[in-house]
Amino acid sequence: MREADHLVHKYLRSSKRFPHIWCAGCGIGIFMQALIRVIDRSGYSKDDIVLISGIGCSGRLPVYIDFNTLHTTHGRALTFATGIKLANPRLKVITVMGDGDAVAIGGNHFIHAARRNVEIASFILNNNVYGMTGGQTSPTTPYGARTASSPYGNLEPDFDICRLAEAAGAVFVARSTVFHTQLLERLISLALQKKGFAVVEVVSQCVTYGGNFLKLKSPVEMMQWQKDNSITVEKAKQLSEVEREGKIVIGVLGDRERPSYHEQYQSLIGEKSKV
Amino acid sequence: MKKAVKKQVLLQGNEACVAGALMAGCRFYAGYPITPATEIMEIMARKLPEVGGVFIQMEDEIASLGAVIGASLAGSKSMTATSGPGFSLMQEHIGFACMTEVPCVIVDVMRPGPSTGLPTQPSQGDVMQARWGAHGDHPIIALAPSSVYEFFELTVQAFNLSERYRTPVIILVDEVVAHMREGVILPSKETLVIEERPRPTMPPEWYIPYADPGTGVPPMPAFGDGYRYHVTGLYHDVRGYPTVRTDEVEPLINRLFTKISKDFDRLQWFDSFETTDARVTVIAYGCVARAARRAVQKAREKGLQVGLINLKILWPFMRRTVSGILANSKKVLVPELNVGQISREVKRVNQSRCEVVTLNKVDGTSIKPAEILQKLEEIYP
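One line per chain: the protein sequences are A and B, in this order. Each residue of the first sequence is one higher than the one before, counting from 1 in my numbering. Each residue of the second sequence is one higher than the one before, counting from 276 in my numbering.
Same shape as in the complex, but just chain A (with noise of 0.2 Å):
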């Protein structure tokens, strides 16, 4: 059997009334297909994963995997994650999330999650746009962008989540796009992990909306734009500011080591525990 059979007859929901909801060119398979491939070689029982999202395009992906999983509400994955996570250990969290998602609405939950070091690897999809809204600024919208909420120009400078998330304290921050499909597959693998709270901020496309401010019509255009505009970290280091703008700079960013909260509560109930 091919490798993708074999992924599909094992991961993918036959019970699950595909097609699936994304626009064709969108990134969000791409990224999928590469939790799915990671996974696969991680040697994970599919009992032990619980895969959590928001509201969103990438608040869909979820359902398609036989995993234990779980659609939440707008921009508050990390919550549930938290509950999860703390209520039984022994599972392994994973969060996808949107850049509305979880830098809008849920960007309290985002900074406290990365604070406060519970081990999930959360991924960030962004596309920088609210694509199923019918594409509204997102807070990673290009400053100037014209978008359906700002039709004159966008005149918010936008976020970098990964700077975010490390000023945050995330123990581990990286960044692929999904068309360096191996990085991303190794980051995923890193994040996976990772003791702790782990963020890959992930660079796709929204075929549907991103085109109109990237000037770019098909998914081949973008997918090259993101080749011919990253950079890896190690070149950026080597670029003055200047030279780096409006560069995706890809790789890993952060990785320290820090005791998470679980672990910290859990040898707690050791401590404590009268039962």
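Since the hints were derived computationally from the structure, they do not count as laboratory data. Backbone N, C-alpha and C fix where the C-beta goes; we use that ideal spot for every residue, glycine too. Treat the hints with caution; some may be incorrect.
What the hints assert, rightly or not - Per the computed footprint, the stretches of chain A lying under chain B, defined by three or more beta-carbons under 8 Å from a beta-carbon of chain B, are:
1. 14 to 23
2. 59 to 68
3. 108 to 120
4. 269 to 275
Go by the hints and put chain B onto chain A.
Same frame as chain A, now just chain B:
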């Protein structure tokens, strides 16, 4: 033989709530500090690790209830406690818990609103918010204790109902009952009936997460139990997958209601006092019911045939009980610490059989027995 004499202890309402929760098997608490509910959180922070449970202080009340629902999905009996402003923030996840049928308990220690209002004073202003605060049609269960012991007892029952029906249960308590101290004798755990959510017994490949087993309440595994399933706030089919099919949407919303409404007859919890020959009956709950009891005693001493019904369940509204009162009284008096929330319900089920008189107070103080007595004398037929 072991002596079974239990000692009386002096407990604050909020302390009794924690005692009830722990006895009911609560092993997860997530919350955010807010007056006048904070004691519940502080005691939980101390006690939960002692019983192998988990406490976490979250970044806000939305996150608190999110974590509570997550922990419940992972198999822990879970709760949070808050007051008006936090309760407003929790509405989003109360709706989520209704839709996804995740058991959880939410204590709302009511203080006067709207907005920041009067943080340290009593109120009963969140009765309607508890009913309709989350958007969309949904059923809800809300309980209202009027003493420290009842706060203990109804917390145990809140967990039981939540587990039995797989639904969020709200405890609407006022600041007076939450902060009052009374001597109580707590029962031993062995004497309590503790209910657990229905669990699947079939092999995982037979499990259909939202198929009605006949009781209206599908069995619920914990994440990690081997029954991998999908949970979503979207309308879903019996397998848990999103749907817009009318023949799948309607049965779901109907089942959410009927799983509770089929038991309306069981959900009639109240104390009645001097009601047999009452010409005027007071319908009250929470701290107001205490004042009403005293007022009824005083009125009886003066020869007035009056009685009291103390409602323990506010939602679903106890239509059967209240209809009976309305049929047998000339007048009913509904004193409340709001502009008239339960009295609206009383009027709704009244059907012109009886005169419904209200006594409302929204100045941040509780209603005194003398005020209720005065009103009783005024309206006595």
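Results of checking the hints against the structure:
no.	hint	in the structure
1	14 to 23	holds (count 3)
2	59 to 68	holds (count 6)
3	108 to 120	holds (count 3)
4	269 to 275	holds (count 6)
In the structure shown, no violation is registered for any of the earlier numbered hints.
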